[in-house]
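Protein chains in written order, with my numbering: chain U, 204 to 762; chain F, 392 to 564.
Hints are not guaranteed to be accurate.
Stated by the list, open to error - Label pairs and their calculated CB-CB ranges:
1) F:438 with U:742: 23 to 29 Å
2) F:399 with U:733: 27 to 33 Å
3) F:438 with U:653: 28 to 34 Å
4) U:306 with F:419: 47 to 53 Å
5) F:414 with U:666: 34 to 40 Å
6) U:687 with F:509: 28 to 34 Å
7) U:251 with F:414: 45 to 51 Å
8) U:555 with F:415: 17 to 23 Å
9) U:306 with F:424: 49 to 55 Å
10) F:438 with U:293: 50 to 56 Å
11) F:404 with U:367: 25 to 31 Å
Unchecked claim - Where chain F lies over chain U, by a calculated footprint (3+ residues, C-beta under 8 Å):
12) 332-342
13) 410-420
14) 476-490
15) 571-582
16) 607-615
Honestly, the hints are just simulated from the structure, not real lab data. Cβ coordinates follow ideal geometry from the N, Cα and C atoms, glycine included.
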Amino acid sequence: MAFVDDYPDAAQIVRLNFGVSFLMLFVGALFGVIQALHRTNVFRGFISSTQYYTVLTGHGVFLALFFTIFFLTGLFTWGVVNSLERPLSSSSFTWTWFLMMAFGALFTGVAILGGLVPAIPFKANVLYTFYAPMKAHPIFYAGLAIWLVGTWLAGADWFRSFFQWRSENSGERIPLQTFMVMATMLMWYLATLGVAVEILVFLLPWSLGIISQVDPLLTRTLFWFFGHPVVYFWLMPAYFVWYTILPKLAGGRLFSDPLARVVFILFLILSTPVGFHHQYMDPGIPEGFKFLAMSNTMFLLLPSLLTAFTVVASIEHGARQRGGKGRLGWMRALPWDNPAFAGATLAGLMFAAGGFSGMVNAGLNLNYLVHNTLWVPGHFHLTVGTASALTFMAITYWLLPQITGKRLQFYGLATVQPYVWFLGMTLMSNAMHRAGLAGVPRRTAEPQYQNVDFSSVIGGVAEFRMQIAVGGTLLFLGAVLFLAVVVGTMMAERGRGQLRVNGDIKPALSGPDDSPRIIDDFRVWTAIAVVLVVLAYGPPIVSFLSNGVFAPGSPPIPV
Amino acid sequence: MEIHKFEKLWLVAALALIVGFIATVTYGAAGVGIEMVDEEGGTVDAEAIQNNEYGSQPNFKEPGVYQTGQNEYDVYVVSQQFLFKPGTTSPITLPAGSTVTFYITSADVIHGFEVAGTNVNAMAVPGQVAQITVQFDETGQYGIVCNEYCGAGHHTMEGSIEVVPQSEYEGGQ
Chain U
204 MAFVDDYPDA
214 AQIVRLNFGV
224 SFLMLFVGAL
234 FGVIQALHRT
244 NVFRGFISST
254 QYYTVLTGHG
264 VFLALFFTIF
274 FLTGLFTWGV
284 VNSLERPLSS
294 SSFTWTWFLM
304 MAFGALFTGV
314 AILGGLVPAI
324 PFKANVLYTF
334 YAPMKAHPIF
344 YAGLAIWLVG
354 TWLAGADWFR
364 SFFQWRSENS
374 GERIPLQTFM
384 VMATMLMWYL
394 ATLGVAVEIL
404 VFLLPWSLGI
414 ISQVDPLLTR
424 TLFWFFGHPV
434 VYFWLMPAYF
444 VWYTILPKLA
454 GGRLFSDPLA
464 RVVFILFLIL
474 STPVGFHHQY
484 MDPGIPEGFK
494 FLAMSNTMFL
504 LLPSLLTAFT
514 VVASIEHGAR
524 QRGGKGRLGW
534 MRALPWDNPA
544 FAGATLAGLM
554 FAAGGFSGMV
564 NAGLNLNYLV
574 HNTLWVPGHF
584 HLTVGTASAL
594 TFMAITYWLL
604 PQITGKRLQF
614 YGLATVQPYV
624 WFLGMTLMSN
634 AMHRAGLAGV
644 PRRTAEPQYQ
654 NVDFSSVIGG
664 VAEFRMQIAV
674 GGTLLFLGAV
684 LFLAVVVGTM
694 MAERGRGQLR
704 VNGDIKPALS
714 GPDDSPRIID
724 DFRVWTAIAV
734 VLVVLAYGPP
744 IVSFLSNGVF
754 APGSPPIPV
Chain F
392 MEIHKFEKLW
402 LVAALALIVG
412 FIATVTYGAA
422 GVGIEMVDEE
432 GGTVDAEAIQ
442 NNEYGSQPNF
452 KEPGVYQTGQ
462 NEYDVYVVSQ
472 QFLFKPGTTS
482 PITLPAGSTV
492 TFYITSADVI
502 HGFEVAGTNV
512 NAMAVPGQVA
522 QITVQFDETG
532 QYGIVCNEYC
542 GAGHHTMEGS
552 IEVVPQSEYE
562 GGQ
């Protein structure tokens, strides 16, 4: 019996979330290749350099917020239902959050597309970070707020399932997948307070003319209060996959369940009090708070380094179960022709590279060399753009048959797709990192200047541009291959042949009972997380507010 | 809770790496003295800057280069859509071997002030003054680019710094 037969309502919600997610992926990827060709001056016929910023806003919002987070809500709905073995409790509640998220995304998306389509009377060329005093149309902020509240309700839905499960299973440990969902959502509730206050108290009333000024440094700080933990909101579903599904795909079992829980607790505790590391270059923030954010950020390496160990150990265990031998020779025994395995594993490999460039970003003084250069998008295309995105695509190959009851179509395309993505990202990202070291700025339609030629870049300017253009094109091809497989499978008929996959997950080699019970007590971990946030953000925010909530203020400047 | 022997080793190595990183950053800040942008520059009234009323601002001056000591200079820069004042219409000229403190603010939206290929990099935030001290040892021309998106003409926003030999220096601008 597939998931869709056991839980048809939940399967439908998962399909709908994935549907919105993949639509966003298509538009975002299309905008991505247009940018890659435009800014490298390979082809500038699609858009003008002014419209470039509309396309860039769309690329950021559609991919970083909507593709990733609609995927998360789909995946977590599956994970909670699958691991608690019970359907969601109220379909009207579930539909409420899904529709809020969908309509919120629609409003924001339409406001952005207004920059390309003259018939739409809105504009929101403010990029994914929407820093004041740049002003978007109010519908842009309103859409984001509605979407955000939708994500909160989604979390409430999963917690509700958990509490119902708990009332019937009082002595048991929380199933690992549900544990991960809960840790992730608690982190999200804490982190999104920043952006919720930014939008609801400041930017939305300001864009409507109800208040005349906002403090740009305060709103920017509130954005980054949310803007770094959102990174973990992209990453934690990938970790969820790497810990709970990837070992099975490799042919084995998870190495350690307790360590997986510890890793998610560390993310809950440390994800939020780090946002100032995006503001190392900002005036108005005392060095001490930048320093505190830096040390917290460095400690955030710990859960990722622990993950590297546990995931690799689990994969090795799987390979040896499959008959793999030798110190490194076991790798040959892995199912590299299974797209779900290959995609998730290549994504993890690339995340290691992204982790190293992230360590450079986190270094308070090294950051002066790379801040706002092309190095930074080079970094996060390895993390969210591959560790998350490629894992999501890969696990779709495994999950889609279970939520549709249909065998995966175009299996050959699916098999090559992760390699196309990996190759494209290798080309694009290494070139972006090198260009950034020479000072080429990010977020620029035409990085060609009279006073700077960036000739110090290793390999030369023409070479790095070509790698970005070719890499970006391959990535777009990778997205199209993925979508062809998804659409082909969705359109296929049911019942043709047996499903090749199932959602049964074997327990870890070291099970949850090997860990102290306090690990499952989220009250403790949430309290610690709140204390750290108050220490990191309390004093600076109080000092920003001391000269007036809206001062030093700036009036809105539409762009 | 049982932790595998290799996992323990890995954990210790990971913690050593993290502590090592924090130590190098601390050394960079405290030992080498790499200066950082912080709250030292104070705040200004963004609207006064927008209206060129620099005299009314205790933390700011008319944009330009001011000599403050033997080899010391202050440079006040206003970033606005889509130019640096000074820097864009005429280069910021400085003598080699000088120590220069930049005071950077914005007249409209957030901009970036990046001397390309160096670690001179600061955000220009309306209402705030970014203060950063730099040593210019070698003569030559340095490009300034705005590295924070600031509107439709963002990609045209650039300027330059001209560092000339001490003997040829004839006051700022």
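Check your understanding: Can you name, in rising order, the numbers of the hints this structure does not satisfy?
Key -> The structure breaks hints 6, 11 and 16; every other hint is satisfied.
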